[in-house]
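Those protein sequence lines, which keep their order, are chains Y and R.
Residue 416, in the UniProt record's numbering, is where the first sequence stops; the numbers in between run on with no holes.
Residue 416, in the UniProt record's numbering, is where the second sequence stops; the numbers in between run on with no holes.
Hints are not guaranteed to be accurate.
As the list makes no split between identical chains, a pair holds if one copy fits it or if it spans any two.
[Claimed, not checked] Heads up, simulated DSS-like pairs for lysine-lysine below, C-alpha to C-alpha not over 30 Å straight-line:
#1 K298 x K364
#2 K126 x K235
#3 K24 x K70
#4 K284 x K310
#5 K314 x K284
#6 K208 x K298
#7 K376 x K208
#8 K211 x K188
#9 K76 x K211
#10 K208 x K180
#11 K76 x K49
Hints are computed from structural coordinates only; laboratory data are not their basis.
Please read these numbers as outputs of a predicted model, since none were measured by experiment.
Number of protein chains: 2
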Amino acid sequence: MKSSIAYDENNHFPLENIPFGAFKTAQGSTHCCSRIGDKVIDLAVLFNKFDGPLFKTLTENVFDQPNLNKFAALGKDFRLEARETLQKMFAEGAPAVDAAALVDASEANLVIPVFIRDYTDFYSSKNHAYNVGVMFRGPENALQPNWVHIPVGYHGRASSIVVDGTPIVRPKGQTTTDGKTPEWGASKRLDFELEMGTVLSHGNEHGKPIKIDNARDHIFGFTMLNDWSSRDIQKWEYVPLGPFLAKNFASTISPWIVTPEALSPFKIALPAQDPGVLPYLQDKDLSSYDLTLDVSIKTPTMDQWHSLSKSNMKYLYYSVAQTIAHHSVTGCNMDTGDMLGSGTISGPEKSGYGSMLELCWGGKEVIALPNGEERKFLLDGDEVNMTASAKGNGFTIGFGNCSGKITPALDDSHFF
Amino acid sequence: MKSSIAYDENNHFPLENIPFGAFKTAQGSTHCCSRIGDKVIDLAVLFNKFDGPLFKTLTENVFDQPNLNKFAALGKDFRLEARETLQKMFAEGAPAVDAAALVDASEANLVIPVFIRDYTDFYSSKNHAYNVGVMFRGPENALQPNWVHIPVGYHGRASSIVVDGTPIVRPKGQTTTDGKTPEWGASKRLDFELEMGTVLSHGNEHGKPIKIDNARDHIFGFTMLNDWSSRDIQKWEYVPLGPFLAKNFASTISPWIVTPEALSPFKIALPAQDPGVLPYLQDKDLSSYDLTLDVSIKTPTMDQWHSLSKSNMKYLYYSVAQTIAHHSVTGCNMDTGDMLGSGTISGPEKSGYGSMLELCWGGKEVIALPNGEERKFLLDGDEVNMTASAKGNGFTIGFGNCSGKITPALDDSHFF
Chain Y
1 MKSSIAYDEN
11 NHFPLENIPF
21 GAFKTAQGST
31 HCCSRIGDKV
41 IDLAVLFNKF
51 DGPLFKTLTE
61 NVFDQPNLNK
71 FAALGKDFRL
81 EARETLQKMF
91 AEGAPAVDAA
101 ALVDASEANL
111 VIPVFIRDYT
121 DFYSSKNHAY
131 NVGVMFRGPE
141 NALQPNWVHI
151 PVGYHGRASS
161 IVVDGTPIVR
171 PKGQTTTDGK
181 TPEWGASKRL
191 DFELEMGTVL
201 SHGNEHGKPI
211 KIDNARDHIF
221 GFTMLNDWSS
231 RDIQKWEYVP
241 LGPFLAKNFA
251 STISPWIVTP
261 EALSPFKIAL
271 PAQDPGVLPY
281 LQDKDLSSYD
291 LTLDVSIKTP
301 TMDQWHSLSK
311 SNMKYLYYSV
321 AQTIAHHSVT
331 GCNMDTGDML
341 GSGTISGPEK
351 SGYGSMLELC
361 WGGKEVIALP
371 NGEERKFLLD
381 GDEVNMTASA
391 KGNGFTIGFG
401 NCSGKITPAL
411 DDSHFF
Chain R
1 MKSSIAYDEN
11 NHFPLENIPF
21 GAFKTAQGST
31 HCCSRIGDKV
41 IDLAVLFNKF
51 DGPLFKTLTE
61 NVFDQPNLNK
71 FAALGKDFRL
81 EARETLQKMF
91 AEGAPAVDAA
101 ALVDASEANL
111 VIPVFIRDYT
121 DFYSSKNHAY
131 NVGVMFRGPE
141 NALQPNWVHI
151 PVGYHGRASS
161 IVVDGTPIVR
171 PKGQTTTDGK
181 TPEWGASKRL
191 DFELEMGTVL
201 SHGNEHGKPI
211 KIDNARDHIF
221 GFTMLNDWSS
231 RDIQKWEYVP
241 LGPFLAKNFA
251 STISPWIVTP
261 EALSPFKIAL
271 PAQDPGVLPY
281 LQDKDLSSYD
291 LTLDVSIKTP
301 TMDQWHSLSK
311 SNMKYLYYSV
321 AQTIAHHSVT
331 GCNMDTGDML
341 GSGTISGPEK
351 SGYGSMLELC
361 WGGKEVIALP
371 NGEERKFLLD
381 GDEVNMTASA
391 KGNGFTIGFG
401 NCSGKITPAL
411 DDSHFF
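With the rest of the complex left out, here is chain Y:
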């Protein structure tokens, strides 16, 4: 595909991508948008040019909205038509598009693309679950007996999900040294988690599960997700009801939601599951995407980003469809904009571990940086960025950035 907008083959946003997002216009309202090359496309301005048979039936500008939810809720056929319309509109040789609809990406104020009412985080990477299990319980009991039968997950905090670039305040809270006495202070083990998020286009009626064969139809698209974690707060609080404050201070997502259509050339089968799962989880299309994930760091004294880990979305044990079917099997109702995190995606080798907890092996090793600095966990001023990309024939599909900078904890006068 060739576009009227110029970009090189490493650009994350060729005409083959057509991601969706939202941005604040110069006038201060929020519009839905897409991106081609280094141009953000204001879809609200172009709404009247969407002349396909489905869009022609709409009476409301679904892009002149504070987020993508209204558009996403229209479902797959509308999403496909929007994609095709944009690919035609910006094809090489197509008539020029209203210049008011094009904003330089460097100028665009991207905001959180969807209203996420409910956020659930899974634990679907076997490498990650195994690594954490070894650290806490040793190699013999690393994986809990339920792990190969259940896509283990838990409810996360939706309100504190922020978009790429939002500073992350180091949390304060309770930790312990001796396992029984609480200590007050700033988290000393602040970590990232390299994840992918799945955003739903629509949900299910309360009480009615989503069958696994239909689960993929509920996907609007995918985001990068950094599920920031405080390991020392987590360790003290998480028994018996799971992580709470250790996770709820912030999670960062990429501004762009990339659709299943854009990722389809990179679909890859997942290894057969052994032991087999119960029928409601049996996925005839057990698959993920061959999507390279990178997490990089830039400390205050570094000029360049340094890659800490390279993983891949193919290192999941459970498919996204399995997590959707599992989530709704009790009749739990899902809705447009709900986000399901994959859990930290770690590769099989240390070079692909998706958290500092694993990279420093629970604090036993140091992570050497190219400028001579060392890290175990994140220090104030450190910036973390995550990217996800796949190379096609002459093009790259990506998500942009998913970054955040650690700012110092507030002083105690803010707390008591």
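Following the hints, complete the assembly by docking chain R onto the known chain Y.
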């Protein structure tokens, strides 16, 4: 106080109460409402009669809304003014009120009163935490070491919170008999949890904690809460990330939110905490309410409700203010309508245990019903109701009902 609306001293809704809710009008729109005696008061119809200094500044009918969030977000002073206005409007001898604003409670279609974006459940009753701990780990290790330092909590599912009277479909899912092999089927250990919910009027900026001294100012009011639980699904899934599907199929709340003002005559100090908590949790007003809680059952063969347990909101170890301060200490942002569950509130004696898990002691005992039936957990067709009430001098403050009937699990064709 005497009202122009007649009611007896056991009615939950005297002029001293003035709870808030929402209902669907005969015309099909949703209005905010209150209740006095057996009359539901349509506040949207009466909005123009709210002539206090604060309400006079409003340009929008905050009661002509799908839920209470807009009104709640105005904060305590508006809530107090609304309360006083209604108490004057319906005082004995006051001019007659537009009859269109009064709906018989038996006719009113009450809906969920607030949009709850985020729901968190705590574990604040020591009796309950101890009982569950004894069943799982024995009396020596019943309470985890963190329990007396941390108001333990976890994120719940907001989307599946339903209002009084909504049928509850028995969930299906994975359970295990041997601790390692999954079994498919309907939950055999379906339970209730007797809780109170706290609904926030407003939250905090992301990154900025709510100090405990200010925490009570964030409370809009309280609801009854039945956090339905599947004990067999829970047992298999909950290690290591906590309860997930065991809870997310449904939680029921009362249609009425009762304000701190209505409950203030029943405020009661909580026992001093030993050991003491960290400064951010030190509550100068460590208190709860002397509110009698009842959970009753009616099986398909029973004509009358039978009380299974009588507990009290005073059987909390942590104050609601402590749970708010704890939740936000990492900077997690809360918002209008967020609900914090207390966790199951169990009294010190068996007659006050707040779940069937405790009443049947993990399945070891049977719960005898007056008609000769026995239960350990809930069977299809069983109805459960919860009430909360406090007796003042010649009046009663209550929440109405918080009920649900168990309907059979769907057949397997809905799942695979």
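*Can you give me the call for K76 and K211, within, between, both or neither, at a CA distance of at most 30 Å?*
within (17 Å within a copy, 46 Å between copies)
*First find the shortest C-alpha distance between K314 and K284 inside one copy, then the shortest across copies, and answer within, between, both or neither for a cut-off of 30 Å.*
within (17 Å within a copy, 53 Å between copies)
*When no copy is named, should K298 and K364 be tagged within, between, both, or neither for a Cα gap of at most 30 Å?*
within (22 Å within a copy, 58 Å between copies)
*When no copy is named, should K126 and K235 be tagged within, between, both, or neither for a Cα gap of at most 30 Å?*
both (21 Å within a copy, 21 Å between copies)
*When no copy is named, should K24 and K70 be tagged within, between, both, or neither for a Cα gap of at most 30 Å?*
Close inside one copy (17 Å) and across copies (24 Å); limit 30 Å.
*Between the shortest in-copy and the shortest cross-copy C-alpha distance, which are at most 30 Å for K211 and K188: within, between, both, or neither?*
between (43 Å within a copy, 22 Å between copies)
*Between K76 and K49, at a C-alpha cutoff of 30 Å, which is it: within one copy, between copies, both, or neither?*
The answer is within: 19 Å in one copy meets 30 Å, while 48 Å across copies does not.
*First find the shortest C-alpha distance between K208 and K180 inside one copy, then the shortest across copies, and answer within, between, both or neither for a cut-off of 30 Å.*
between (44 Å within a copy, 28 Å between copies)
*30 Å Cα cut-off: does K284 pair with K310 within a copy, between copies, both or neither?*
within (29 Å within a copy, 50 Å between copies)
_Status of K298 relative to K208 across identical chains (alpha carbons, at most 30 Å)_ = For K208 and K298, only the inter-copy Cα distance (26 Å) is at most 30 Å; the intra-copy one is 46 Å.
*Checking K376 and K208: alpha-carbon separation at most 30 Å within a copy, between copies, both or neither?*
The answer is between: 27 Å across copies meets 30 Å, while 45 Å in one copy does not.
Of the numbered hints given earlier, the model fails none.
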